[in-house]
Structure formats: structure tokens, C-alpha cells
Amino acid sequence: MRDSIIAMLFLSLTAFLINCARNPIVSEFDIIEYPSLNLPQRAASGETIFEKSQLYSYDELELLAPTDCHFVGMTVMTILPGKLQEQFEDENGVYFYTDKFKNGPSSYYTHAGIFIPKNNTSGHFAFAVKDSPDSLVILSCDTLNFQKTKKYDHSKPSFKQELIYNGRHDDTIKFVYRELTSEFLRNVFSQDIQFDLSESKIIEFKGVKIEIIEASDNYLEYKVLSSFVE
Numbered sequence: 001m002r003d004s005i006i007a008m009l010f011l012s013l014t015a016f017l018i019n020c021a022r023n024p025i026v027s028e029f030d031i032i033e034y035p036s037l038n039l040p041q042r043a044a045s046g047e048t049i050f051e052k053s054q055l056y057s058y059d060e061l062e063l064l065a066p067t068d069c070h071f072v073g074m075t076v077m078t079i080l081p082g083k084l085q086e087q088f089e090d091e092n093g094v095y096f097y098t099d100k101f102k103n104g105p106s107s108y109y110t111h112a113g114i115f116i117p118k119n120n121t122s123g124h125f126a127f128a129v130k131d132s133p134d135s136l137v138i139l140s141c142d143t144l145n146f147q148k149t150k151k152y153d154h155s156k157p158s159f160k161q162e163l164i165y166n167g168r169h170d171d172t173i174k175f176v177y178r179e180l181t182s183e184f185l186r187n188v189f190s191q192d193i194q195f196d197l198s199e200s201k202i203i204e205f206k207g208v209k210i211e212i213i214e215a216s217d218n219y220l221e222y223k224v225l226s227s228f229v230e
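First residue of the sequence shown: 1, per the working numbering; consecutive thereafter.
Since the hints were made in silico from the structure, they are not lab data.
Among these hints, one or two may not hold up.
[Said to hold, decoys possible] Within a straight-line C-alpha distance of at most 27 Å, the following computed DSSO-like cross-link-like pairs (lysine-lysine) qualify:
{"hint": "1", "residue 1": "Lys206", "residue 2": "Lys160"}
{"hint": "2", "residue 1": "Lys52", "residue 2": "Lys151"}
{"hint": "3", "residue 1": "Lys83", "residue 2": "Lys130"}
{"hint": "4", "residue 1": "Lys151", "residue 2": "Lys102"}
{"hint": "5", "residue 1": "Lys206", "residue 2": "Lys52"}
{"hint": "6", "residue 1": "Lys150", "residue 2": "Lys102"}
Since this is a predicted model, take the numbers as computed values, not measurements.
Turn these sequences into a full structure, and let the hints guide you.
Listed below in C-alpha cells is the structure:
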């Protein structure tokens, strides 16, 4: 009786999700800055002391352990550890796909993944697909041990700014400023800049403000007070 109720619940959920229109995920625009502002830092000569990246990203799930997936008490699939990328969403949640799975003895699924409800109140489910998205089946599964990560989409335009420490001579402190676009491999712009520490311990360039705590030709101790201006 209990198995029949569970089966009805999963069949109802499957039918409900199949009838929802699923839309492809569009990557989001992200701004990443490193290191954090207003915290003491130390860098050797030649190292980047601050960088700001503007790029597109997707959410990913990283499954940390294998999980068996079941339908009415029968194991029909095992999803293996690895990265699952979000591919579709509907009004109910997001579908993360993986190609790392093993079918059970009598199963022939072609795609699999994890479904995360948007309200996050009904738990997480596995799903399986045979050839067409219309054949999606919702499965129960053992405890899902995963963490959320990001995957960056380098096929879309990106922009990165870097400030690199280049040593000290007397009271002159030197840096290299770089801009990198596309896949961070092409269209590099570079500029040598320098500042006189006898005038101020706070330097500023393109909106970045840096407080110099201690500087030698080999290392720099500093705090970043503000980021590059858009």
C-alpha cells in the first residue's frame, strides 16, 4: 500500500513537470573582485595585487558521492560524482544535467540529472529521460551530497583588469596595469605606472585606491580601499 502511494505521488509529480514549459538557461553576468576590500594583504613582486573580472556564468552542482535513484523501491539508476550544469528551468525549478550515470539492469535512460525546486520546500529529486524531454521521469534517491558552484562561460565576451606589483626604487613604487578581453588570451593592454610614496601612502588609479602599509623591492603589504570604476 505504501509503495502504491509513493508511486502515485511520483507519477503525479512527473506528469505535472512534463506539462510545464521548460526554457533554456541563459548565463548571468557576474563581477568578481579579488582580494576583498579593506583587509591587509601581502604580495611578492610580480604578483597581482588586485583584479576585477566581468564575465558570464552558469550555476553548477558538484555531486560529491554516488547516489542510487529509485522508482517504487527499485533501483533504476546511479548518478556518479561530478559536475552537473543547469540547462533548463520552468515555473517550478531548475534542471541540472549530467552524463555521469549508470542505468540499472532493466533501465535504458539517455539523460539524467537533479531537479531543484524553486521553493526548495519539497526536497531535491533525481530525474531521468529516455530520448525526448517529454519522457522525463522523477525518481526518488538516496541522500544527495552536493554543493553549488559556478561555471564561467568563456564563449561570451569578458573583461578583466589587473594591477601587478613591480617593485620599489627609493620612494618610487611601481605597478603594471593590464586589461584582458575575450577568453583572457587576446587583446591585452598593458601600462607601466608609478607613484611617489613621499607624497602619499594612498595611491589611486582608474578608481582603485590602495593604502600602502609597507613596500620593498621584493614585496608589498597593502589594503585595497576601492575597486576599478565601471
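_Lys206 paired with Lys52 [C-alpha distance capped at 27 Å]_ = holds (12 Å)
_Pair hint Lys83 and Lys130, alpha-carbon separation not exceeding 27 Å_ = holds (21 Å)
*Would you check the hint for Lys206 and Lys160, treating anything up to 27 Å between C-alpha atoms as holding?*
Holds, at roughly 13 Å.
*Taken at face value, is the distance from the CA of Lys102 to the CA of Lys150 at most 27 Å?*
With a Cα-Cα distance of about 25 Å, the restraint between Lys150 and Lys102 holds, given a limit of 27 Å.
_Please verify whether Lys151 and Lys102 have alpha carbons no more than 27 Å apart._
Since the Cα atoms of Lys151 and Lys102 sit roughly 24 Å apart, the hinted pair holds (cutoff 27 Å).
_Hinted pair, alpha-carbon criterion (27 Å max): Lys52, Lys151. Please report holds or violated._
holds (17 Å)
Checked against the numbered hints above, the structure breaks none of them.
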